[in-house]
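J.: Next come the chains, spelled out residue by residue.
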Amino acid sequence: MTGQTTMSNTNDPTSSSSPIMEVQDLAVSFDNASAGPGGPRIQAVAGVNMSIYPRQTLAVVGESGCGKSVTAMSSMQLIPRPPGRFDRGRIMFEGRDLLSLTEQQMLKVRGGDIAMIFQEPMTSLNPVYTIGDQILEAILLHQDVSNEEAVRIAVKAMDDVGIPDPMERLRSYPHQFSGGMRQRVMIAMALACQPKLLLADEPTTALDVTIQAQILELLRELQRTRDMAIMLITHNLGVVAENADVVCVMYAGRVVEYAPVFDLFDRPMHPYTRGLFRSIPRLNDSKHRLITVDEIVEDPAEYQQLPGHAEGVVPWWPDPPDGVKPELVDGDEYILHQIDDNRWVGCFRSTHLDSMEASPPSLDFRRPDLSSVGQ
Amino acid sequence: MTSKDEQQKTISGIDVMRGVGIDRAKDFWADAWDRVYRRPGAFCALVWIGIIGFFAIFSPLIANGLPIWLVQQNADGTTTASSPLWQNLTATDLMLLLGGFIGIPWILIPMKIGRGHRLGMLITLGILSGLIIVLASAVSGYFGDSGASRWAREIEQTAWFVPVSTSVICIICGAGFLFIPFVDRILPRTVLVVVTCLLTGLAVGSRWNEPLINYEKYQEMAADGDARAWYTLVPWSPNESRTDLYVVPPGLTVKEKLDEMSEKPFGDRQFIMGTDGIGRDVLSQMMHACRLSISIGLISTGIAVLIGVTLGALMGYFGGIVDLLLYRLVEIFMAIPVLFLLIVAAAVLPRNTYVMMIIIGCVAWTGAARFTRAEFLKLRSQDFVQSARAVGLPLRSILFKHMLPNGVTPVLVDSSFAIASAILFEATLSFLGLGPEGQASWGKLLSSATGVTGTFVWWLAIFPGLAIFLTVLAYNLLGEAFRDAIDPKLRKAAH
Amino acid sequence: MFSYIARRLVLMIPTLIGITFVVFMLLALSPGGIGASLRVSGGQMEASKAAQLEAYLEDRYGLNDPVVYQYAKWLGRICPVKFGTRDQVTPSGELIRPPKSLVTPWMKESLYPDLENPEARKNEPIDTGSLDTDEKKARAYRTAARDYAKARADYIVATKELKHAYARYAKATGIEGAVDDDGNPRESRIPGVTIDAAAPSWKPVQAAAYKVLETYEIAEVARDRLSTIFGIKPFDEVGVPVLPGLVSLASPDLGTAFSRGRPVSDLIADALPVTLLLNLVTIPIIYLIAIPSGMLAAARQGTLFDVLSGATYVALWSIPRVWAGVLLIGYLANNQYLGWFPVSGLHDSDAASFAFLPTWTDGEFHRGYMLDTLWHICLPVACFVYSGFAVLSKQTRAAMLDNFNADYVRTARAKGVRNIDVVFKHVFRNSLLPLITMFVTIFPFLLAGSVVIEKIFSIPGMGSLVLEAITLRDRELLLANTIIIAVINLLALLLADILYALADPRVTYD
Ligand SMILES: Nc1ncnc2c1ncn2[C@@H]1O[C@H](COP(=O)(O)OP(=O)(O)OP(=O)(O)O)[C@@H](O)[C@H]1O
Ligand SMILES: [Mg+2]
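Protein chains in written order, with the working numbering: chain A, 1 to 375; chain B, 1001 to 1495; chain C, 2001 to 2510.
Accuracy of the hints is not assured; some may be wrong.
[Said to hold, decoys possible] Below, in silico cross-link-like pairs of lysine to aspartate or glutamate (EDC-like), each with a Cα-Cα straight-line distance of 16 Å or less:
id	chain 1	residue 1	chain 2	residue 2
1	A	Lys325	A	Glu298
2	C	Lys2211	C	Glu2161
3	C	Lys2233	C	Asp2132
4	C	Lys2073	C	Asp2087
5	C	Lys2425	A	Asp133
6	A	Lys108	C	Asp2421
I should point out that these hints are in silico values taken from the structure, not numbers from a laboratory.
Just chain A, with the same shape it has in the complex:
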């Protein structure tokens, strides 16, 4: 059911380009080491669709284990195989399927076209090499420059991410840096080769709040100056609200809702998304107690608010409350259904939906503030 990309939504003023990367029905599973041979495999990702446009920030949210990192790592072929396995799907990048590239071709993509930064700045740098060694390694791998030129590029990259006295710092070891500084180094390393896409896997989770803000501000600015797309994986809805253009909410290896950031925050449609928002404490709302996600997804009423419910369009959920599940079509019970022009919701694949044409999400949308500044 791998659908072809159709560019249907064009309500955005800046929609002119094609997506830089498209994830199409990706499914990844792992051997379950703790269950022993013959035990159930872990289906970390089970049919994910998403797309990123140049200069766009796609935020991927969802609780721990829902498959965010696996999706991102798959596009770099960084999934260890075994235990991992690509079950189906494609990841299109500049007309090529990244999953079908050989290791040799992948080396060019990794760090060159696509760069990635990770959650743990404390352990993501090799402790026995200097910062300079590690940044230079990246530069020399992807750019055909002399050593001095590479040093110059490295210094510039470090300067760009706001590391004071970069020339000196090249000779320091990672342990001599603070967490925030190390994350800057990671960013400098990732950006030194001018990637077109940056996969930022929870880049700020391990940092304290002020540093978090600085790093995100830095990423925004770099995106503006370099026309770079960012996939921002995070748990923090505040970060999403401030930085994302498009939001992709995931659960259990599937996309449950996909929409531009303002639409999503204004009118979340999937019960799980609603649950996520309502479980955030609000200062001005001291009367109500906090509602947990579980309470919402166990409430049948929540499932009926989706447009088209009457025809049998029901939000997908692994174990919905009784009476919610509609009549299903054979095969996968899940489908990502386009509700309106710029909103996709994961739904049960009822008879009604199966007859409709499935469309992978594709939103060439950017926040107005960002695009206006960019011009």
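Fit chains B and C with the ligands to the given chain A structure using the hints.
T.: Same frame as chain A, but now just chains B and C with the ligands:
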């Protein structure tokens, strides 16, 4: 519907995070055991250790130069029957046999009480019994020594000496063990302790002095037709030396080696693994040495773990000056190779099994201490310890009831390797001629393979060497299996 | 860094004291105590000679002093800081100490206060002026020293006699508790006893006392002479003075081995290079085999190679050294079987006449000293290598696997680093750190193993020396071995820590 079936066989990453698919029904150790069983290597290791353990207990009944049953023709035509084998069993033999006959079904038969608990009871009573035997042998050794002072020797001659000293030892040990809550209710505990003390006391009292054994007497009697004798499977004792039968190759019978024996009824006896340089049967020695090997491994490691965990816990919990001072002690033992210290100690101290166990235990404790120390350093700052301290629990309770179960896992996993190395140490010391005296030992056998004559006797090298190797390998494999079974869990718990 | 090293070196001192104390105590508390074998060895001589020798040896090595005092004295000799008069050293390297003092006659006040020495002290002064050359001084010293040693021994034997005589007297006259279990008089009971001079058993006591006084006088005279000659410094003084006459620095004195009568330092100087040679050949081989095989196993995690090599390591590591040694000797060295290698020793008996390098003369191959040695150490080194390499391979594999899953490896891959570079540049470089630490385990392991292996292959190294010392209960030799082994071991550990600091930029010792 194949796709549906396939789907049911997978779980999502969220399930994993929530712990679905991880079997919670079993507890930590049961689960670890389960994983160990599943590895073929570890399973074979367990079987091998079981075999060695079997011989450790039953070898006196399997390999013995004394007739198990002897019917003597008296001058007046009557017959008297006796069992010289039984009469010459030592107290240790008796208690081990008793323990073997009661203990193995006790553990194997399914019962309401948990198997671990039953094993604990058996081990506790075993320790009690062992303690009585050790103390009795110490007393008998002290008073019976030719260098003992005159009053000691006089006391020893009196008729009441043996019963009184045996009962005093039994009462002291038994009273002490009454306080160990290995069975929850006091009445059954008392009964168990009293019965054990009584049986051990009887065994010890009836075999106070080591009898002088004349193996050839029975053989001659049988040869002359004065008596009929029935022997055990391997009719040689480990210390039964026939100098005319030295270095007999494996498989030969007495008859083949000594022509004049062909008429005698025991001329058909075979030396399945040959004999050593002074005519002792190798197979019998191999079997009897199992006990030394197994007990040295277990008991000395037990001592080492006891010392190491106690000191390590103190260091880790208190830190500061206690740590600094005690760690110097650890360092002293680390500064010099363990084997070196063992050689020095074994050479100057009395050569007997108990002393050797204590020596190895006292020298090899640093590993356990370092592990425990590291664990306790980590645990010290954790909440449950802080709260235990805050509510004012006594130190003993904090250390050993709350922290120890959480911090002892690495030590226990490591102790399998420690047993292996203790067995190696014993073999090495025996090889160097520093082992226990009057005890069959694999290492001692091995050392006679390249004898003074310079010839190489292969069966003295292969059999004992193989036995040491397999036993050490078994414990190492077991240790590896345990470590692998527990490690991922430790990692998971650490996340 | 230097302050760290200095601190570590200082911290070694208590450790060394601790370890020698443990060994000393073990020796002292063993049945028979220190020098038990010395007493036994006198068995074949006639009784009075044996008693004399025993008394002499006990006196010479201070075996009758309290154990702690003996230990303190031993420490004093080991300590490089010396107090009081400096020792002297003969051109042949023998250490000369100031003459020992004499204790006053035993229980003179209580038992025979009135007994007089018949001969007056004839303390003729020696004319030191005539000893003008070094040679004369040395000869005079030798004579005086021999005289004093003999006189002192006589005196000690006489004292012993006196004790025995008194014990017999006490028994005969029935003084209660005057004699202990060993048959020696209890000194605390002696003051205040009333002596029954008429008793027949008193006569021998008196005679013995007379003898004691006589030998005492002679010994005193001899000692005075010796002191005088020592005072004019017949030999060079040892060490460098710090406060003249009070404090000086000198190299530690390891004493003389009871059993062989040679200075311990000589024995060690012969044995230590042998053991170090074995270790220095072994360690590189271990690392050279272990690291690649461990890396390969890690890189192929889960494959047949990994599983098989893992099993092989455990098996190798479980083979007892003693067994391996016996089998190697039996099958490869013994002439009954292959006989490819020499059975024992470090050199051929005529190796001293070999050229160092292999030569080819008269159409015949001469393997020379070096090859001969290598040929001899083949089997021992094999014995050392197999288990050490198994341990290290396993560690290498574990370390590599740990690092394969590390975050920075993921970062490196995300940068587009080639797989092989990831393995060597990132994973291996970090795995080196635990391998350096492994040295801490390997080195003592090898040192201890040399006891066994040197015994099996009859190699005259430290291990053999230790065994000899322990079987002969040679206190000086054993303690010296202990301290040398401990120092080497501690230095190796220190080296490992320093290497670790060099390899890991996170570790600094400042
Ligand atoms: N190398 C692996 N081996 C086995 N299972 C894996 C592996 N990598 C990921 N998984 C499984 O895939 C699931 C999804 O993991 P993933 O890292 O994508 O979650 P995530 O959404 O990034 O969570 P988090 O917010 O905690 O980072 C996890 O439950 C994990 O069990
Ligand atoms: Mg993640």
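J.: Hint by hint, note whether the structure agrees.
T.: Verification of the hints:
no.: 1; hint: A:Lys325 with A:Glu298; in the structure: holds (12 Å)
no.: 2; hint: C:Lys2211 with C:Glu2161; in the structure: holds (9 Å)
no.: 3; hint: C:Lys2233 with C:Asp2132; in the structure: holds (11 Å)
no.: 4; hint: C:Lys2073 with C:Asp2087; in the structure: holds (15 Å)
no.: 5; hint: C:Lys2425 with A:Asp133; in the structure: holds (11 Å)
no.: 6; hint: A:Lys108 with C:Asp2421; in the structure: holds (15 Å)
Against the hints set out earlier in the document, no violation occurs for any number.
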